[in-house]
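> For reference, the chains in residue letters:
Number of protein chains: 2
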Amino acid sequence: MIPEGLSFASRFDKVTGSAIREIFKVLGRPNMISFAGGNPSMDALPNEVCANIARDVLLADGKRILQYGATEGYPPFVESLVDYLASTFTFPVSKQTVLPTTGSTSGMDLICKAMLNPGDTVLVESPTFLGNMQTLNLYQSNLVPVESDDDGVMLDKLEAAVIEHKPKLLYIIPTFQNPSGRTLAADRREPIAKMAAKYGFLVVEDDPYRDLRYCGEDIAPIKAYDQTGHVAYMGSFSKIISPGLRVGYMIANEDIIRKCTIGKQGTDLHTPNLNQAIIDQFLRRQLLAPHIAEIGVPYREKLNLMLDELDSFPKGTKYTRPDGGLFIFVEMPETFNATTLFDTAVESGVAYVPGTFFYPDGGHHNTLRLNFSNSTIDQIKQGMKILRELFEANI
Amino acid sequence: MIPEGLSFASRFDKVTGSAIREIFKVLGRPNMISFAGGNPSMDALPNEVCANIARDVLLADGKRILQYGATEGYPPFVESLVDYLASTFTFPVSKQTVLPTTGSTSGMDLICKAMLNPGDTVLVESPTFLGNMQTLNLYQSNLVPVESDDDGVMLDKLEAAVIEHKPKLLYIIPTFQNPSGRTLAADRREPIAKMAAKYGFLVVEDDPYRDLRYCGEDIAPIKAYDQTGHVAYMGSFSKIISPGLRVGYMIANEDIIRKCTIGKQGTDLHTPNLNQAIIDQFLRRQLLAPHIAEIGVPYREKLNLMLDELDSFPKGTKYTRPDGGLFIFVEMPETFNATTLFDTAVESGVAYVPGTFFYPDGGHHNTLRLNFSNSTIDQIKQGMKILRELFEANI
Numbered sequence: 019m020i021p022e023g024l025s026f027a028s029r030f031d032k033v034t035g036s037a038i039r040e041i042f043k044v045l046g047r048p049n050m051i052s053f054a055g056g057n058p059s060m061d062a063l064p065n066e067v068c069a070n071i072a073r074d075v076l077l078a079d080g081k082r083i084l085q086y087g088a089t090e091g092y093p094p095f096v097e098s099l100v101d102y103l104a105s106t107f108t109f110p111v112s113k114q115t116v117l118p119t120t121g122s123t124s125g126m127d128l129i130c131k132a133m134l135n136p137g138d139t140v141l142v143e144s145p146t147f148l149g150n151m152q153t154l155n156l157y158q159s160n161l162v163p164v165e166s167d168d169d170g171v172m173l174d175k176l177e178a179a180v181i182e183h184k185p186k187l188l189y190i191i192p193t194f195q196n197p198s199g200r201t202l203a204a205d206r207r208e209p210i211a212k213m214a215a216k217y218g219f220l221v222v223e224d225d226p227y228r229d230l231r232y233c234g235e236d237i238a239p240i241k242a243y244d245q246t247g248h249v250a251y252m253g254s255f256s257k258i259i260s261p262g263l264r265v266g267y268m269i270a271n272e273d274i275i276r277k278c279t280i281g282k283q284g285t286d287l288h289t290p291n292l293n294q295a296i297i298d299q300f301l302r303r304q305l306l307a308p309h310i311a312e313i314g315v316p317y318r319e320k321l322n323l324m325l326d327e328l329d330s331f332p333k334g335t336k337y338t339r340p341d342g343g344l345f346i347f348v349e350m351p352e353t354f355n356a357t358t359l360f361d362t363a364v365e366s367g368v369a370y371v372p373g374t375f376f377y378p379d380g381g382h383h384n385t386l387r388l389n390f391s392n393s394t395i396d397q398i399k400q401g402m403k404i405l406r407e408l409f410e411a412n413i
Numbered sequence: 019m020i021p022e023g024l025s026f027a028s029r030f031d032k033v034t035g036s037a038i039r040e041i042f043k044v045l046g047r048p049n050m051i052s053f054a055g056g057n058p059s060m061d062a063l064p065n066e067v068c069a070n071i072a073r074d075v076l077l078a079d080g081k082r083i084l085q086y087g088a089t090e091g092y093p094p095f096v097e098s099l100v101d102y103l104a105s106t107f108t109f110p111v112s113k114q115t116v117l118p119t120t121g122s123t124s125g126m127d128l129i130c131k132a133m134l135n136p137g138d139t140v141l142v143e144s145p146t147f148l149g150n151m152q153t154l155n156l157y158q159s160n161l162v163p164v165e166s167d168d169d170g171v172m173l174d175k176l177e178a179a180v181i182e183h184k185p186k187l188l189y190i191i192p193t194f195q196n197p198s199g200r201t202l203a204a205d206r207r208e209p210i211a212k213m214a215a216k217y218g219f220l221v222v223e224d225d226p227y228r229d230l231r232y233c234g235e236d237i238a239p240i241k242a243y244d245q246t247g248h249v250a251y252m253g254s255f256s257k258i259i260s261p262g263l264r265v266g267y268m269i270a271n272e273d274i275i276r277k278c279t280i281g282k283q284g285t286d287l288h289t290p291n292l293n294q295a296i297i298d299q300f301l302r303r304q305l306l307a308p309h310i311a312e313i314g315v316p317y318r319e320k321l322n323l324m325l326d327e328l329d330s331f332p333k334g335t336k337y338t339r340p341d342g343g344l345f346i347f348v349e350m351p352e353t354f355n356a357t358t359l360f361d362t363a364v365e366s367g368v369a370y371v372p373g374t375f376f377y378p379d380g381g382h383h384n385t386l387r388l389n390f391s392n393s394t395i396d397q398i399k400q401g402m403k404i405l406r407e408l409f410e411a412n413i
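Protein chains in written order, with this note's numbering: chain A, 19 to 413; chain B, 19 to 413.
Take these hints with a grain of salt, some might be off.
No copy labels: a pair is met if it fits in one copy or bridges any two.
Stated by the list, open to error - No farther apart than 25 Å at their CA atoms in a straight line, the calculated lysine-lysine pairs in the BS3-like style are these: (1) Lys81 <-> Lys175; (2) Lys216 <-> Lys175; (3) Lys184 <-> Lys212; (4) Lys403 <-> Lys32; (5) Lys81 <-> Lys32; (6) Lys81 <-> Lys43.
Bear in mind the hints are in silico, worked out from the structure with no lab data behind them.
Work out the full structure: start from the sequences and follow the hints.
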């Protein structure tokens, strides 16, 4: 009970955080095979390398690392991050257009803080990442879903929604999308950047999975086509080094970065220096590219295995075939209910995330999200067998 | 320039972040003696100890540390933190009433997020900590100053303000206050907790300096008198271990902690595990108490030296005589202007923070804040000599 006479802020009216939390609570049970979550494989977390790096940086520059840092970032990391981004992308990046963040969750929070008043409309993919939907809901934004096909957001639907709803933001995960695993087609990217400039909204491009590509060619981000500052790009080291370190970054127009920096002064003052220094050494010691190549091998194998397993699921089972990332999205026939079946699945030893949580309007109970990165080959075989039998019995 | 058609959120209308930033920019100049900032002494930052701890924890529990963590905190740290708090305070503390935060700045942000709607009134000391005033302003709260004397907030003024303004929160730094260095008298603490319960507002007790006591006896926090959940206590390891690690905590009513936890899911998901694990080892290895005792010796010496130097400042100079913390607050005669004199002081090689920035209503240009922790004995002697001569010439 809240103490007498107190009340919570109205930004929580639509946010309970409860349903999905109940799901994640069961993941700790012994012998649970979890296709829920979006965790990297434990094998992919370089703790020995980080142990040595952490020690090295605290001995070499420990006084600066343990002291208050600049909101703008730990200077060596800002430098190596700018170099890394400049060598990764075709568009210019500078200290003035980059801000380290405490994971890209905090980047999302800062962009919302900078841009959104209560009631402002934000266009989102449908389905989309539930965590950032919660952040958007905490800013009391009006979420309007835009329809996607296998090539991502449909341009005609997007433009119609822009004209009808006059959004402040479009929130989009263009590459190996969460939860769908889909990738926005290359030829839809420039038109989205142009549309943002034409109609005056900000594209928030959330791109944490881009380096986890298991086949096909890299595609330039929407940000690469941004001539006018209408695209803010959010990147993260969570999926390619460690989520527990909480280091991400955003790239945006200088004035947007400035506003987010002022917002960040009031949120966490700065991303912890030690965590920035560890990622900095990953970049300076040129450990990142080989590490990504190394973790990609088992991830590809697990993805392909899960796709193979899905081939023998009951007739009417549809699923995405991602070129990378961490997720496969499954759509069962309309009569199937993945939400109500969840408890039974858990009792049988397998967890997934019911797809309904990824839809701004709910519904879509016939869908679910499967993660393959955080299970072993054996767990995938065993867990998919259990799911197949369960789905066959409940279709 | 913000890209065409975009606009920033109205929460920034009263927040520019610029004046104080300009001040902090000059601190990087070579040979600058800085009495600005609130930084621990470089000598007080235990980087070698942290280097070994960081390596140890990443080798011993690195997979869990580098993986996504719980918003509720890194489990070993939550355990050791609860034990530490239970042995420090007389009131009960449990896992359900504690939340690790990314520095207490993030604790403040989360409490505002949980409790404040735009336009809600927050009572603050006058002067008070400018950083958290910025956080409060970003939540568009209506800041109402309450008068203090040498024993902190005056109870009759506080009750009158509560009755008149019906505040949602009282934000208060009871011990070695920032910027004044004053401590709220022991016999004013219980009445404030009772007043919060009677009138239905939340006391946000910000207590990062309490362990930096150089004389006198510990005083129980306001939270110790809280029978009803109307006090939220924010603590921090920034001043006693490292601000760059960004680890703090809050203690509050279970439902308030729950709401802040949901808010934190959308802000940074969790405080980085590694940083929590380092503080955890400080507690488990019983390094904290001896470290605090060790850093207190030079801090006491520096405080006393700065007070001695102030004794010979021009007639009419008033200043606080703190029993601990990091700051002395100076009040010059009304005709003196510490704000306009700042540039000249910097040209002479000494920086301070003009007091005006700590007042919700501005003004008070005859005041300034001096920090003694982050300068050497020689710098204090030299810097105070420069200030004395400058003030004599400008009084």
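> State whether the alpha carbon distance between Lys184 and Lys212 is at most 25 Å within one copy, between copies, both, or neither.
within (15 Å within a copy, 49 Å between copies)
> Checking an output row: Lys81 and Lys43, CA cutoff 25 Å. Within, between, both or neither?
Classified as between; 19 Å across copies, 39 Å inside a copy.
> Is it within, between, both, or neither for Lys81 and Lys175, if the alpha carbons may be no more than 25 Å apart?
So Lys81 and Lys175 fail the 25 Å test inside a copy (53 Å) and across (43 Å) alike.
> Given identical chains, is Lys403 near Lys32, meaning Cα to Cα at most 25 Å, within a copy, between copies, both, or neither?
Answer is neither: 37 Å inside a copy and 59 Å across each miss the 25 Å cutoff.
> State whether the alpha carbon distance between Lys216 and Lys175 is at most 25 Å within one copy, between copies, both, or neither.
within (16 Å within a copy, 55 Å between copies)
> Is it within, between, both or neither when you check Lys81 against Lys32 at 25 Å Cα-Cα?
neither (44 Å within a copy, 35 Å between copies)
In this structure, the earlier hints numbered 1, 4, 5 are contradicted, and the remaining ones agree with it.
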